[in-house]
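Engineer: Protein chains in written order, with my numbering: chain A, 4 to 517; chain B, 580 to 726.
Treat each hint with caution, since some may be false.
As the list claims (entries may be wrong) - Below, in silico cross-link-like pairs of lysine-lysine (BS3-like), each with a Cα-Cα straight-line distance of 27 Å or less: (1) A:333 <-> B:702; (2) A:131 <-> B:582; (3) A:32 <-> A:54; (4) B:590 <-> B:702; (5) B:688 <-> B:582; (6) B:688 <-> A:134; (7) B:702 <-> A:318; (8) A:39 <-> A:54; (9) B:688 <-> A:335; (10) B:702 <-> A:326; (11) B:616 <-> A:334; (12) A:361 <-> A:32; (13) B:582 <-> A:335; (14) B:616 <-> A:333; (15) B:718 <-> A:466; (16) B:688 <-> B:702; (17) A:324 <-> B:718; (18) B:677 <-> A:326; (19) B:688 <-> A:324; (20) B:718 <-> A:134.
To be clear, the hints were calculated from the coordinates, so they are not data collected in a lab.
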Amino acid sequence: MGDRVQIQPAHLGKASIQVKADSNKEVLKILLETNKNAGIIALTGLDLGEKIGLMYHIRTNEDAIVTIITDVPKENPKIPTIADLIPGAEFHERETADLFGVIFEGHPNPARLVLPDDWPDNLYPLRKDAKIGDDMVKTETSKNQAEISQVQSEGDIVNIIIGPQHPALLEPEKFSLKVDGEIVKHVEPRIGYVHRGVEKAAEQRTYLQDVYLVERICGICNACHAACFVETVEKILGIDVPLRGKYLRTIILELNRLHSHLLLLGHAGLEIGYETLFQYMWRDREPVLDLTELLTGNRVIASAMTVGGVRRDLKETDIPKFKTQLATLKKKMDFYHQIFENEPSLKMRTQNVGTLSKEDALKLCVVGPVARGSGVAIDVRKDEPYEAYGEIPFNLVTRDEGDSWARLVLRLDEVTESINIIDYALDHMPSGPFRIKVPRVVTAGEAVNHVEAPRGELFYYVKSNGTAYPERVKVRTPTFANIPSFIKIAEGGNIADVPPSFVSLDPCFSCTDR
Amino acid sequence: MSKLATWARLKSPWILHFNSGACNGCDIELVALLTPKYDVERFGIKLEPSPRHADVLLTTGAVTKQCAERLKRIYEQMPEPKFVVAIGACACSGGVFKGNYTVSGGVDKVIPVDVYIPGCPPKPEAIIDGVVKLLNSVKEAKPNGKK
């Protein structure tokens, strides 16, 4: 293998391996022999002029990132698929095929993923030489013929489309369920309705503008996107944020996690049909938004992170308010625990529903509470501590049942852990500056970074070419990694079990589509 | 009869919420309106699942290519008189995503809009203010759904 493979010291994760295009599968097989449970984190495409670069970011057994770097020529961008070795890579390859035009030979389902069905062929948006007109969006309603004809049933199988506008969905996405009686035989998700082309837009804005752009990939986990992006840029610059800045970032990230988990638990109440739980949860979520507003000035989109630290400081006089509100919230968690443990209708709707086995969780490379609910103990805050997490003691919450109930109760426990983290950070807040001045121009270089967003591991890759604009920003969101698991857990169950399983995965399509 | 109809429309504007490619920030502030702290049900506002039952269409999001046709279809399915409220900077004019390759740049590129509520996201108080302004304009003039 010697002349086809080069191993480079770490700059993209723990190690990066440069290979020729036809050898990517062999190297991966060797990696999988020593790391039985390796999974794919992301697949980054890069336009390198004559070639298209491909980087497979793999997570090894020690939860380290190893990057396999290869490239294909632009005129003939073919490469063997790795979806047979790692099933979780299927969606990543479909997305790269859509946006870069790479053909993955042997892929089980090479259909469009993020771009619309009527997007012109041979127009690949993330290539630097893509000529995209201003009139790509048309509004005639003539394209509904194809969709209506899909609702024909074959024999006993009925097609049910949970369409872009649906009372159960907060966001537009389409799920075609093939149902036999009450049993769901097959699920086909069509995502891409919320695809706003963020990765391309990030190349056309400066680094500081990009902080505000990536925050708005998802309003719910906005602080995590901002934090991950600025941390990646700080890695390229090689600068270290002052300790007070790190603690403040940790508090903002944990407040983000609190509001997101409470939001989801309330939304779960709505999907299960338990509207009272929804109203109670969201009532108890409001103080968290008030605290975010106190610290950052905004209820939802915090806009608190910047390269070099945070934008605003915490006032000493605000700390007692934090303490009292968080103490009240912590006591309320006992009440919700009682409900989840004892309420019979809630248990019937979620226990043993949508079970994801540990083996499937590893094969599909899921992250976050979905993985932890099936016994896979991954959490970036513990595996590769960032910000102040290395200094703050907290517990990693996992459960073994793997059903929707486990995933929901796990989030309740994580709320308590987050409150403890914020309390500790407030008690041990270091003094000093909360941000440092950074150079105006980012030096050329590239870096990867990951943080633990409420829904799981959020991964960023940023490449800088020394100008004011980034060369490439790649975002792999946790919900993108978790979508294949929905297909797995919905198939074989009742159609009435689809909403609880779906909501327990905590889908966020604005993150999935970007 | 028309006075009775106007009174009925003012006292119970049923809303349909459609996300046409948003980051969810505006949507969660919108759903927060239905929760105990803001509680718009006291104004008669009810969240409806079907376009055919709704009076007011609350849209969020910079309309993406895939959503543009669906948005138009939903608007056509609503019975007259109908009103459209664009919530958030993205729905008003595209927001931070203006100029992206799958974004049309605002709801008014697809359907006529009655009220624009700027903000990123607008606070729930701002959304209530916008809805109240809409209801006042219904009170003062004959609703013109045929723009």
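Engineer: Tell me the hint numbers this structure goes against, listed in increasing order.
Structural biologist: Hints 2, 5, 8, 9, 13, 15, 17, 18, 19, 20 are the ones this structure does not satisfy, whereas the remaining hints hold.
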